[in-house]
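What follows is the residue order along each chain.
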Amino acid sequence: MKLTRLSRLLALACFSAITIASAQAGSALVLLTDFGTADGAVSAMHGVAYGVDPTLHISDLTHQIPDYDIWLGAYRLYQTANYWPQGSVFVSVVDPGVGTSRKSVVLKTKGGRYFVGPDNGLFTLIAERDGVEELREIDENVNRLAGSGESYTFHGRDVYAYVGARLASGAIKYEQVGPMLPKESVVKIAYQKAVRSGNTVRGIIPVLDIKYGNVWTNIPKALFNELQIAEHDKVQIRFLHKGKQVSKIVAPFEHTFGGVAKGQPLVYLNSLLDVAVADSQGNFAAHHKIESGVDWEVEISKVGKAAK
Amino acid sequence: MKLTRLSRLLALACFSAITIASAQAGSALVLLTDFGTADGAVSAMHGVAYGVDPTLHISDLTHQIPDYDIWLGAYRLYQTANYWPQGSVFVSVVDPGVGTSRKSVVLKTKGGRYFVGPDNGLFTLIAERDGVEELREIDENVNRLAGSGESYTFHGRDVYAYVGARLASGAIKYEQVGPMLPKESVVKIAYQKAVRSGNTVRGIIPVLDIKYGNVWTNIPKALFNELQIAEHDKVQIRFLHKGKQVSKIVAPFEHTFGGVAKGQPLVYLNSLLDVAVADSQGNFAAHHKIESGVDWEVEISKVGKAAK
Amino acid sequence: MKLTRLSRLLALACFSAITIASAQAGSALVLLTDFGTADGAVSAMHGVAYGVDPTLHISDLTHQIPDYDIWLGAYRLYQTANYWPQGSVFVSVVDPGVGTSRKSVVLKTKGGRYFVGPDNGLFTLIAERDGVEELREIDENVNRLAGSGESYTFHGRDVYAYVGARLASGAIKYEQVGPMLPKESVVKIAYQKAVRSGNTVRGIIPVLDIKYGNVWTNIPKALFNELQIAEHDKVQIRFLHKGKQVSKIVAPFEHTFGGVAKGQPLVYLNSLLDVAVADSQGNFAAHHKIESGVDWEVEISKVGKAAK
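Chains as they are written, first to last, in the numbering used here: chain E, 395 to 702; chain D, 395 to 702; chain G, 395 to 702.
Honestly, the hints are just simulated from the structure, not real lab data. If a hint is listed, it holds; no wrong ones were tucked in.
Given that identical chains are not distinguished, each listed pair holds provided it fits within a single copy or across any two copies.
Pairs of lysine-lysine, DSSO-like flavour, derived with a Cα cap of 30 Å: (1) K605 / K582; (2) K605 / K683; (3) K656 / K497; (4) K497 / K615.
Bear in mind the structure is a predicted one, so any value in this text is a computation, not a measurement.
Let the sequences and hints guide you as you build the complete structure.
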């Protein structure tokens, strides 16, 4: 009898311990904003998330998205999301329209990751690459930090960090976020998709690898491979801004930066396995006055034997 | 007999597991400094705290306080502290007087949060808003990183991070920090408190919302409400530096930035529910040459019907 | 019988809980790069590490090492490593040679800390101060993020963060990193070690305390003490760039910045207990046009009574 009671007690104790311990292996909460880290805004978001669940793993993707640059925010999500495990929750706040009628949503991708934030184009690239499993509008009547109802300007703290933390910690299920929206209603920014026509592939410069001045494209390895370019083969690259040529170069396709001499240009596959152009240990973008965005196009062509 | 012994073993094992797991739900340690993150100073602080307790949740409020700007440090604590749960421990190091006779203290607020750092004015706004429950001087004889006695210049690492981590982890109780000081002895920076006189409220510009150029005031919602301003009503705002008028504008009171056209000024309640002034999607402070600090005053008046 | 089975179940449950909970007290993973935090590179590294073990403590040393500045990366490791507990794993990526033949290694110090990264000089100061217990080359055939084999340019994410996380979490033992290399083969940057000759000690300026403009040297307290300088005693300091004198001053040796008036120079022991020179609340380096690096030397001499 005594042992039975003790065993019950033990069972309870053990299961409690397991529950607490398991929670810590829960989903990560990853934050992206254009707030910078010089003031207290990001820390207030961390505090709200920690208050929801002290065992949450909270990580900063970046808070240095240029002010209101939704496109760049979209690209940073695209660049990093798949390196985080399934179930991870991304809270993204680049929100020029805070306080207007733009919707607040949580998008679930086919890969099982969650994206919390304003539905203003931030989820364009994630939605296109990973596919939308489901889209829900946040019901702020039930999913809002207690006592924050009078604050209209900081959804990142009062709504997004709070909902994201509740979702990551398992305090709510995805279905409890709010009502479903049509998947195809997610707001997308228009841009030139990568295409091939004969010996040429076209795309855009979605972003620069700023720190090093490398030019990244949205042309994936698979499409580039259709040109049948071997390592060390030369290709021609044209850069256009609003349809007007800014620069034209010929450079070899290399697997590594060491494939050319210091300062020389090369074409390579970047860390996302998209085509990129760089000067080895130099700043290609500054050198050729290349910038990035949906109005910056790139055109890569196979070079005939004679031109080699 | 056998079962009893096994049960005892199990009980021990379970309680150990619970103890370890529970520790991880302990108090957060939140760091604020003017060190920047370009060198190793902040990481040394993290390492010391992690060494005290590997399960501590360590978070960075900001390390970008301008050099020696105690006032701004005080404001960042005021801005964020209440978004962290009761029991949280804030280690704050903006310390032009390191190595002089300024005291090292841990302040406990009435809300049950702890503030560790030099007693040089950093806790002015926290003490005033949240109230001082108790103030204790750190006894460095017992609360100092082992082996750091010969270092005189890095209290942030050797004393504050160490004591903060010990307090947050429960390794010491608050009473073990050191001897009690009179609550009212906490060093405070003098500044103009928010006041109303007839149809006008006065206060200071404690800080700019730098990233966006919005002007924040220390005038709280409750005081502003005494003017009985409805949404969309216009108010007059005067900005003064050392008593001299720098700018005077008339702008509507709005709940959201979408309430006015892009580039137009508005008065609103910021994320702390204090009165603020901005240009919608513009930089009000740069536009009107407004800066911040205790010598920057602001005066907001109800505008008569005729002036609308 | 029933109880026995229940007890076995309980034992299993408890040990699981303990295993999970204990993992969280595992080794820290500390990241240092020259990537900055404006893009997604660092977050991809965090995601990979978190994917290896969601309970890992992941901390950023700094990501603001100037591009390709291996020396400064080496110094930041030297500055911080010993404030992290034994067993900590440092992933360091300052890697101008990514994709070339430079080796990828994990160095274990005599103090039991692990350093993961390219063998390009990054581990110079750690190896010299702490001693090399063992050096192993990373076998990328077994220690590489699954599916990353086609990416050649981001070893920080695909190899170093992955191996570091596996080592810190205990998923692999140090021996499983790859084959042993001769300890003395670790690549080291050459520089002038600190030496004494009579009443003068010589060394270099490995780094500036940038934020404050203080000049740090590689002259340790023990060597400086051989000059038998008491507090407040004056010393002469010469600064040389490539052997040519840039500045010469006389300043007192002080324990704290408060020992001299604001703006006045002083010699002190910095937070690593190495000799340093500063203007109290001023920027000594800017004032005297001093920079840092292996070609910046410093010479400190005892001043005769007459010169005081």
